[in-house]
Each structure stands twice: as structure tokens, then as C-alpha cells.
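Protein chains: 2
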Amino acid sequence: MPPDTQSITAYGPARSTIDGAPLSPDEVRRTQRYWDASLYLSAGMIYLRENALLREPLKSEHIKKRLLGHWGSDAGMSLIYIHMNRLIKKYDLDTIFIAGPGHGAPAIISNTYLEGSYSEIYTDIGRDGEGLQRLFKQFSFPGGIGSHCTPETPGSIHEGGELGYSISHAYGAAFDNPDLIVTVMVGDGESETGPLATAWHSNKFLNPVRDGAVLPILHLNGYKIANPTILARIPHEEVEHLFRGYGYEPYFIEGSDPETMHQAVAATLEHCVQEIRRIQTEARASSGPLERPRWPMIVLRSPKGWTGPKEVDGHKVEGFWRAHQVPLAEVHEKPEHLAQLEAWLRSYKLEELFDDNGSFVAELAELAPEGTRRMGANLHANGGLLRKSLKMPDFRDYAVAVETPGQTEVGPTAVLATFLRDIARSNPHNFRVFSPDENASNRLTAIYEATKKVWMGEYFPEDADGTEITQDGRVMEMLSEHTLEGWLEGYLLTGRHGFFSTYEAFVHVIDSMFNQHAKWLEKSSELSWRADVSSLNLLITSTVWRQDHNGFTHQDPGFLDVVANKSPSVTRIYLPPDANTLLSVGDHCLRSKNYVNVIVADKQPHLSYLDIDAAEKHCTKGAGIWEWASTDKDHEPDIVMASCGDVATMESLAATELLLGHFPDLKIRFVNVVDLFRLVPDTEHPHGFSDREFDALFTPNKPVIFNFHAYPWLIHRLTYRRNNHVNFHVRGYKEKGNINTPMELAIQNQVDRFTLAIDAIDRIPSLKLRGSHARETLKEQQIDCRRYAYAEGIDPPDIVHWTWKGQG
Amino acid sequence: MPPDTQSITAYGPARSTIDGAPLSPDEVRRTQRYWDASLYLSAGMIYLRENALLREPLKSEHIKKRLLGHWGSDAGMSLIYIHMNRLIKKYDLDTIFIAGPGHGAPAIISNTYLEGSYSEIYTDIGRDGEGLQRLFKQFSFPGGIGSHCTPETPGSIHEGGELGYSISHAYGAAFDNPDLIVTVMVGDGESETGPLATAWHSNKFLNPVRDGAVLPILHLNGYKIANPTILARIPHEEVEHLFRGYGYEPYFIEGSDPETMHQAVAATLEHCVQEIRRIQTEARASSGPLERPRWPMIVLRSPKGWTGPKEVDGHKVEGFWRAHQVPLAEVHEKPEHLAQLEAWLRSYKLEELFDDNGSFVAELAELAPEGTRRMGANLHANGGLLRKSLKMPDFRDYAVAVETPGQTEVGPTAVLATFLRDIARSNPHNFRVFSPDENASNRLTAIYEATKKVWMGEYFPEDADGTEITQDGRVMEMLSEHTLEGWLEGYLLTGRHGFFSTYEAFVHVIDSMFNQHAKWLEKSSELSWRADVSSLNLLITSTVWRQDHNGFTHQDPGFLDVVANKSPSVTRIYLPPDANTLLSVGDHCLRSKNYVNVIVADKQPHLSYLDIDAAEKHCTKGAGIWEWASTDKDHEPDIVMASCGDVATMESLAATELLLGHFPDLKIRFVNVVDLFRLVPDTEHPHGFSDREFDALFTPNKPVIFNFHAYPWLIHRLTYRRNNHVNFHVRGYKEKGNINTPMELAIQNQVDRFTLAIDAIDRIPSLKLRGSHARETLKEQQIDCRRYAYAEGIDPPDIVHWTWKGQG
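Just so you know, the protein sequences line up as chains A and B, in that order.
Numbering-wise, the numbering used here puts 419 at position 419 of the first sequence, and it's gapless, one number per residue.
Numbering-wise, the numbering used here puts 536 at position 536 of the second sequence, and it's gapless, one number per residue.
A couple of the hints might just be wrong.
[Claimed, not checked] As a list, the in silico SDA-like pairs of lysine to any residue whose alpha-carbon atoms are at most 20 Å apart:
1) Lys779(A) x His662(A)
2) Lys734(A) x Val596(B)
3) Lys734(B) x Glu522(A)
[As the list claims (entries may be wrong)] Just some of the chain A residues that point at chain B, by a computed CB distance under 7 Å:
4) Ile125
5) Ile225
6) His549
It is worth saying that the hints were derived from the structure and are not from the lab.
Ideal Cβ positions, reconstructed from N, Cα and C, are used throughout, including at glycine.
Taking the hints into account, I'd like the entire structure generated from these sequences.
Encoded structure:
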């Protein structure tokens, strides 16, 4: 057996870094009673469907048949919420509350109910006995509300269903909100996740002059579902070292005795708020560069399931993992459990907490802040209410001149960067750009002309030569997609705007965060009281087709498959083929609300096809025929050459040219798709084409050679219901790659011009007999191409410098 | 401007925690020359296609046309590699090397070449001038090798293409390898990722008695692609605090002066190795429980691009982010760059390093270890060579008795757990089970009868009551899917076996790690010298259909879509419908090699359908007709009811029963799919059915109502080429959910028995006219069902206790 070290316990009178007893005895009493009320409500939500005020003896039929919810972290979270209420009132603080252990929703719901914000939103759940009854019954009940801090929870911007993002969300909310203090409870379970472990470093990116503050309270309640937590089972010194190492000043509060804990929590929280104000005041009074402040954070060690049953059936519950969910689970089966539940519930003396009408008694209710100072009603947590539309320059002003399609190369992202730069200039306080150390790599450096990368770390003289860091920049770069995504979500949900660019293969790092944000947006859209927020704009670049030196690990265009699984009401995918279409798409996305917009566009130079007017028209249609590349005017086409994506489009055009070189009379229709969901039936996605529109582009019965940027199966998945699906021949990335030249990689995956032209020949009935010579020639050209690459390490010049020669 | 703090610089004579000069002047000289050789090779790989030994003046045509590769971290990594060589020889260490900054592959490739392990594997790249030439040319060249530590790299188990997993891989390799020291270089860039930031806590799970050691060297070379790194720009004390907080004893080495740095590195590494040995010796001599050791780790601060060009075109390069990739990029365009490159390359005095034949001179070559002690030839890094097949009990012995299909409920994962328990018993040193605090939740607790959860943190008396932690357990639980997946990968790649269970929705957290591991396996399979490793077995449970209390955030079956994008040669997906099929699938997966096996099976009780013989047969076929649920014997079916997944199968069977209740003469064929890739054409996946086999199950032209566990589109994607695809009507999860009872959730997503039965009626021509009454009845039943759930919070008893009544 391991040693019984138990070096630290959560039990006993409070022990804390900050001494002091700021509360009068009456304040202690009232705070305790307020806390009792919140805990009674928390337990009530989990258990009661009737007899909400325990006006009669508790019986089995009063209790929900299925007991769901989490008790474990409620008491600790509620304690902090209530003590923050005191400070909000005392200092007129502007504060929101983020509940990292999302499972502890009862603590938040009960507090928003007690402060009144809940009933203002949900008027059917009033501040009386009937309302209380409804509040209880709806919790974790079909047709009701979930047991996390879902969008339905007033004051929540963080659901906590998936763990790990509380700190990054908190910092995202704090950026550019100089008066805001984000109180964030961090579970010691979620602390073990990677995203949480690195998000503590967010303090290197928070500028006390123009940003608000984050006050993290690490809640060491000791246990996860069925295990102790790491941070609760290392010596005190290690915890202290760790948070000093993360750059914080940690304050400790440990204990279980309510009275002394109230004093300790009150004193410590107040000290931290004062520290925050001191740091901010000094920074804002200073003119020069700042030293990175050592922000306060709190480590609160209190028992899991605190104030609940100490033991059940002879097993320790309070202060143990058994308190994680429902402490007494067999109340329907065991009378002694029912009795124990009743005793526990009555221990909060609710008859003193709620009056005859079932309303919270006034002497306690008045402890809560008022109006929008209540954390359940703070406007920042319903950020759409504060959101101001971006001031947008005219994207047409950034257009690349295109006189003839496919003649000149330009880096689309570099063009977009000039547009983003001016958006950043025009919106200096509510727009940020995010990237994991890749803005420069992704050719977005023009943004630095407006605002540089924020950096509160040390500064070396050599940084002046191109590092582009400064304390007051608004470009966010850290090598953590998780942290960036969390910051961005927090920034958007509090009413601001952002733009995230990242390498295509590694956007999978945040698949799960995307899923969760999409779910948040979908649920929010069903709530009339939640105001619209800006879309999350994600530029996916450094794409699969240009990974010459990075190879196989950097080739993965599968994020689109993840996105396509989420609700059509919140997802949009765009694959602009060139610079002007990227500008048009970028403009559209930055104006949109409540979506996740995914834009796929490579950072390397690519041919431009459309002038800005044509680009805008094309993007508005979402997909259309490129007449200049088509030869089917006034005829039925022999074949449709279709493309979606920049490299895919170039190869498809080159294939068209090759085909026309061999068969000048061929009737080819060239179709380009920008808005991927156009392919889906209009019954399935708001952007979908009707069957008539779809057939008008792709014909009801002609062969279609569809060249796709990503995995080819996605196109089949989106089009399988279409009339002409059986004639769709889709090419795309199929997991073949290594160190390759661009053309060699295209050939391996059969998205190259030669393969596409051969594909077409094979499918056009009239070429069945006369196509063999052309097919041979194309095969040879393809082989020559590969041979050259293997010898020289680069593609042949006529491939590298290929331009569209027109239709002959 | 921010303050010029520059509190720490990487320049100057070495400063280090451990003093001492263990090397003789001649050892310093020879170590320096060895290092020079590795650095010359590293630079040569990036630049030279000819003139590899610089026997003639350097000209543009000697240089690759496209310059790819990363110079930045090479010098620091190579330095550690070489100094580890000395200790390997001195102490006969068994050591592998993990290169966190995967971009630094030249450092590893050059060292494996110098030690001879490279040429033993790649005999065409000999240890002479010609071999050297080939070594250079193939690097980052089409048809050659990548610039990360890809599977092609001798001694590598960690590619580093995606950053963040070096530490978890290292610990995975060290578990159950008591004599192994895993030297792991950690980039300060990757240190910013979430997965890396939490993986440091792996030391709470490493038992010095039976596990090996991990020696992390955090390489503070200061910069990422275009930014400083966080850890390089915080004060020294914070770095020290951080690693003490993580539970390590940090040792610092800082400087750039080679001679003193050699002494500092030699002394520090030697001290750490001695510390490791001391910890291990003491632990292994002790009989009682251990105190968690404070393992050593090293912080190495050396200039990025060390020994490369100091400045280029007036810009600082060495010791700056500009050294990240190719320091001199315009050698073809600018003669002065070419001259500077030549001077740099010649600065290593290669004429003294390689003899006339181009072979590494003997007095230096002899510094390398020999045989399998060379880190490029260590067997652990080609773990398949050490792999022993699992001793497997007969899975049939764990079978659930099934006399009549669909009568009794049993929790499939709990049954599997008894099988896993006995595997753990029979393989006490090379099999581990992994889960993010969910083994108990996932009903796998039977495993604890064989081995408990390892825990080197503090132990409290109450833990004796069911916490199931101990210092010598082999169940790995930490609330970080990233760390678990990294441990498991490291464990498998070094020749052992493992089993990972995780909640379905949150397996998306490791989407990207799965992608990377699948890519590693695929590339490895192309290398004859890489021996087979055990498959990565992933049990996905707590599935979408049973999230009564967790709600929408916990509903996401989309991992299968991610998996289906990876190469068919390494991916397998199984959805066993009951306990016995899960046993059979589990047995198969644990015996398999070189795959990622994904098994989807819920943890809740589910009906059993097949006895163990039938289960084994069914799983071997992968998909088949269930005769006992079919009524089409000797007839063409009117309809095919097909299912894939446990809940999907139950609903499909219940629908079949409902249909037969209304239309007893209906010819229904019931098909169940376990092996998802059976659906794919055999030309696309080794498990795929031929069209003939597929048609034999699903008919060429009858309606098919396919009830699927996950997102329905995946089935269309897999079957769109099949003859009968047009008649496939697929139901599955479509992102509709909240707090729901199981049936209510099924109804919302239309995978419930009533919807399926109505679907069937709508598609059977003979029921067009006479189906309306049945349709109405089914609709009413469905509505009643929902009404009950909304009133009672649970499903109706006849739904909850439904069993298969047979065909009448």
C-alpha cells in the first residue's frame, strides 16, 4: 500500500494566505443563510418534482424517478458566487462568472434564481413557490434544461460540458473589456486537461491598461468521477510553485468550517479585487512599457459535496469522489435513504429562507447586486447586446486587377490581409486576429501595419527587427490552437469580432472545440433572449496541396467532414478559388452572425480568375458556370468539369485546356463551387440549391468530373440525392502523400490535370473510339512530369508557370 | 515600446546548475569535432545535391533548387544526442531519443548516420562519399525522406510533425521498461501546446520500481516560426518554479560557448543519469510504499540556429527566429549568400572529419555506442521486434448465455471487462488499460480485480474504500485524453499492448492524434525493417444514445467520419450490437497488428441477441442476415431492415416486430452490420464486400431501411457505389438533442422503432394503400411515448423493458 501522506486536508477551520475577518457577525449569518438557500435549491433541482418547499413530509412520489445532476462542486462554486456578490455591491464591480466544472450548474442556476435574473428571463419560473417547483422539475428533465451551464443559463458564456476551456474563455472575455473582472472557477478535474494546463499562460497576453482582469479560483475539491485529482494530491509547495511558475500570485483558502471559511473567502476575494484594481490603476497611470503584472489567483480547497451527506451506507461521501453526482441514489428503493435525504434537505432550514409565498426572504435577497450588476444579468454574458457591427471598408477596394482570367499569380491570403488590416484600423477596440504562430507563415503580415502581436513577456532589442510584438497589439499568437480558439470564443460571446487562421491539418486539434461551439450557437439560436453574436471565422490555410517540405503529417483536409456533421443552421463552408473571391467571402463572413464560417484558401500564390465584380457575383451565387472557360454555349455540354478549391480549380482548368487542345469541338461546361453547402438539397441546408438549380448547373444526365479540395467522399455525401449523382466522378485527396512537389502530390491523388482530362475522355461517349491517342499523350506528359520532379526536386517550369490560354 | 528586459540570454560561456568539467581536453576536442560532423551533415542535407564533401568550390548547381528543412533546433538536439552517446558507453545505458521539435530531423538523421545505424538499414546510403551524397540528396526531396523524424528515421517513435506529444510518448515508452531511459528533447514551441503542458504531470504515474525513466530536456532556443516562446521570455525563477510545480528537479544549462557548454552538458547529463539510477536503486531496494520521486529534468538554453550564420543581409539570424528554417535562402539568386553558405559549411572543417573515401574518421566514429546501444538501433524504438503476442484466454469462456435472442439485458462493456481482467492477469508486464477517469463510468471495473489504477500521488485512508488506486497498478487514468493517447502510442510503438476506453463525444479531443498515429502506421507498413506493432484499440462508449443527463454536448458520434478518411490499410471500425459480439470483436482487435481498431459499444445494459458461437460467426462475416428476425425465407424480401450499432439494432428489431404485428405476411429481411467497412467495395478496403456479396445481403433493388448508430451520411458515403444505393434510406443521429430520455432522443432523430416502421410502410409498394391505419397507430404510439416522457421524466415501462417477441 502507498503511504498515507494526506499532507493536506480540506477539513477544519479555514486556513488562508490572507488573514482577516471583514464580515460582521450578522454578515456572516446572512451570507451563510444565502448560501444555504442556494444549496437547498441545488439539491432540490436534483431530487424534487413536487413538495418543493417541503411543506409536507418527504415521500418517494415527490422525488424524480430518474435522479440526474451533479452535487459535488455546487457548494464551493456557490460560495464564491455569493462572496463575489458582496464585492460587486461594495465596489460596483462589473463581473461575470465562468463555471469551469460545468457539471455544477445547480450552483449557478440557483444563484441566478435567488438574485432574480432567472425569473426575469423565464417569467414562468417566478420567485414564488410555484416558480420554485418549476425550477426544480425542469432540471435534467425531458423538455427542461441540462445539468451544465448551457446557453439556457443566465450569465453563462461557458457550458463546461466538455472540460478544459474555462480559462481561455475567461481571458477571451476579458480582452478589451477594461472594467470587467471575469471570475472563473476552475475544476481540479479539468485542470488535468491539456487545454486548461496551457491556458494559464494567457496572462502573458493580457494588457492591464486596455484589458480587463481574470480572477481564477482553482477549486481543489479533490476528486473527479472516480479518482483523486492530481493537483489535490501533490504537496502544497508544489501547487504554489506551479502557479508562481505560471506567473500568478497564488492565494490559498482551505477548510470546511463555514464561519471561518466565510471570513477567509471574503478577505481573500477582497484582497484579490484590490490587487487587480491596484495593478490596473498603476498600469493605466504609467506612460512607459509595463512589467508583466503578477495577477492574483486563488486556490480553494474545500470538500467535494460539501454540506451534503457525510456518509451513505457506511461509505464516506462528503469530501470524497462518491459525492460527484447524486449522493443518495436509492431514495426510491431504500426508506433510510429517503429519510437521510429529507434530513439533509431540511438541514438548510428552508422555512427560514422562503416565506409563506415561497419567495426568498427580503433580508437575504437584498444581499444580491441589482440590475445588470447581477452576474446572471451582466450584459457581457449576453454579448450580442453589446455587439457593434464592424466598420467595414469596401472589400472591392482591395481587389486584384484581373483583365483576363488565369494569367497572374497572387497570394490570396496576402490580399485578404490588407482588408483585415484596415478592418483592424477601423475597429481598434473590438476586433482581434488569432493564429498559432502562423500569421506570417500564412502571409497575413500586412495586418501588422495596423496592429502588431500582443506580447507581455520579455522584450529583447533584436525584436525591433521584424518580430512585430508589442504590448498593445491585438494580433494573438501562441502555439496553442486550443487557447486561441478558447480566447476567440470568449471574445465573440462577449460581443466582439475575430478572425482565426490556422494550418489545415492541425485545425483537427480543435475539432472538439468546434463541435462544442457549434452546439452552443445552435442552442442559443433557439433562445429569444440571447442576442446575436458574431460568427466564428476560421481561415484554413497552408493546405494539403502545398506541403512540399512538411509531408504527410501536414496533409489532412478532413475538418470539413467534421463541420458538415453539425447543424446546417450554424455552419458555412467556403472554398474561394482566388484572391478576389476570398475577399468577397471574407467580407461576407465578417458581417455574418451566429455561424461558424470555415474558409479554405491556400497561402501560396495562385492564379486569379475573376475580377472583383465577377467574384462578388460568383460568391453570391455560391456556385456557377464560368462562361469564359466553357464551350457549351447554346449546346448541351458533353461533359461538366467542376471544381471546388484553389488548387483543384487550377488543375480542372488546365485539364479543360488539355481537352480542348485535343478536341477543339468538345462542349465543356466549367462549373466552380465556392459555397460548399450549395451542393446540398435546399430542404437540408439553407444554402442548398433546389434540384432545378442544381440540374441547371450540373445537368440531369451528363458526366461530371468534380475536382475537390478535400476528401472526395464528402462531395458524394452532399450530392447523393441529386438526379445526376450517378454521373458524378469526384477526385480529391485520398491520403497519398509524402515529401512531394505540388504536381507530384496532385498526380498521386489523381487530382492533376492529366488524370482529370483522361477521366473526362473515359466518360464522354463520343470519345470512346477517338480518345485513345489523347489518352496516351496525357499519360506520357504525366510521366514526364513525375520524372522531372524526381530528378530536379521541383516541378517542370511549364507546370509551375502554367496560365490559362483560353479556349484555343 | 516594451521594456528591454532581456533578463536571460543564451550567449556566452556556459552557466549551469551542476558545475564540473568531467571531460578531458581531448574528449572536449573529439566531442566538438563529432558535433561539427553532425552539424555539417545537417546543413548538407538542407542544401546540397552534389559536391557533398565540398571537394570543389561550391557552386549554385551543387545546391538543391528548392531549399527545405529546418536548421533552428539541430545544433541543440545534436549536442544532447552526442553527449548521451558518451553516457550510454560509460554506463551501458539502454536509451532511446525522442525529438520533440520534429522539424529538427537533420540532427537525428545525421547522428544515426554517423553512428552507423542509418546505413545498416538503408544499405544504399553507405558510410562513404557516395552514401553521403545520397543522404543529402534524398532529404526533403521528392521520393526521398521528410524533414521530421518520420517512421523512416532509425530510432524514432515520434515524428513531431504535429507538436505536443513528445513527453506523453516518452512516458508511454518508459512504462514497464525498467532499464530504459527515454531521453526526450522538448521544444519550447511545442511546450505551449495544451497536450505538452499537461503531459509533464505524467510523473505522477511512473513507478520507479517497475518503470523506466524519462529524462526531459526542455530546449529553450527561444523562438518559434516567427515569435519568441513564452518559456524563454519569463524570468528564470518562473521557469524554475514551474518545473518544481510539475514535480521535477530542474537543472539549468545556458550558454553558447562550445567548450564550456560541452563540460556543462556532460556534467549535467551525467548527474541526471546518476540521479535516475539512485532513485531507481533506492526504490527497488525498498519494500514499502514509495514517496513519489522528484525526477530530474534539464532546461537547456542555447541559441536557435547555433553555429549557423550570425547575420544575413544585416539581419540577426543565429539566436533569432530567422534561423527557424533555411538560414540562407537566396543562394541561387545572390552570390554573396552562396559565398556565405560556403564559408559556413567549411567552418566545420569537414576535411578533418571525413577521410578520402568520405568515411567518418575512426577517432570520432568510435565515440558512438555499438550495436543496439546506438539510439538509432535500439530495439525499443522498433518495438515490434520486442513485441510478444498477448497470452489470451478463450473469449468464449466469458460469453453471456443467450437461449432466445433479445430477452435479457446485460451491459456489454461489463462483460468485456471480465475478459480484459484476465488478459491483464495473464500479461502482467506488457498490457495496460487507459481511460480519462472513466473506467468505472464505462463499467470496466472488473479489471481492478487484476490490476488497479496506478497512482504515485498522495494516498488518503479513505482511498481504501473503492478508489482502486495503488502504486503498482496498470490501469492508467488521468483526465487528459491527449496524455492517455500519447502514453498508449508510446507503449505500443515500443512493443506492448493496450486498450483505451473513452466517451464517444470527447474522443474528438484526440482526432488529430488519431490522424497522426494512423499516418505513422501507414508509412511504417511500407518499411520492411519496421516490425509489426500492436493495434491501437479504442473503445468508444457512453454513446450518443444514452446521454440522459449530459445532454447535447455529450452527443457526437462523428469520430467515425474522421477515421473513415484515413487509409483503409490501417483503419477498422466495429459496432457490435451486444455483449457476445463485443467479446468476439475485442478478441480479434487485441490480437491484431498495425491498425487502429475503433469499437463502438455502449456501457448501459442492452439486450443480447447472439450466443457466442453465433456471435463469432457473425463477427467473422462482419455483416449478415439474422434469420431469427427475418421472414423472407425462400422469398424475395419486401424490405430489408438493416442496423449497425447497439441501440440502432434494438430499435430496428422493435420496428420489425411492429411491422409484423400489423402485417404478419410481410417478408422482412433483417441485416446487421458489425464491421462497418464491409459496406465499402472490396476494391476500396480490404474488408469490403464484393458487389455480389453486398447484393446478396441488401438485394439489388429492394427498399432498405438502414438504422445507423452515428451520422447517417457516413452510410451513404460508404455505399454510394452500390447497385442498390438508391433504395437505401438511412437513419442516424442528426444533431437533435438536449436533456432527453433515450426514447425521446431516438424519436427526435428518427431512429426510433415507430419512425422506422413508418419508413418501411412508406417504401413497400404493397403497403401503399393498406398501410395508412398502421401508420396512424404508430404515430399515436410515438406521441404517447413522448407524452409519457415529458410527464414522468422516464420512458414508458413497455419501452424500457421491451424484449423481442419473435415473429408473432
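Assess, step by step, whether the Cα of Lys734(A) is no farther than 20 Å from the Cα of Val596(B), and give holds or violated.
holds (18 Å)
How about His549(A): closest beta carbon in chain B under 7 Å, or not?
holds (3 Å)
Verify the proposed pairing of Lys734(B) with Glu522(A), using a straight-line Cα cut of 20 Å.
holds (13 Å)
Restraint: Ile225(A) near chain B, CB-CB cut 7 Å. Satisfied or not?
holds (5 Å)
Going straight from one Cα to the other, do Lys779(A) and His662(A) come out at no more than 20 Å?
holds (13 Å)
Let me know if the C-beta of Ile125(A) comes in closer than 7 Å to any C-beta of chain B, holds or violated.
This interface hint is violated because 16 Å lies over the 7 Å limit.
Consistency note: the structure conflicts with earlier hint 4 alone.
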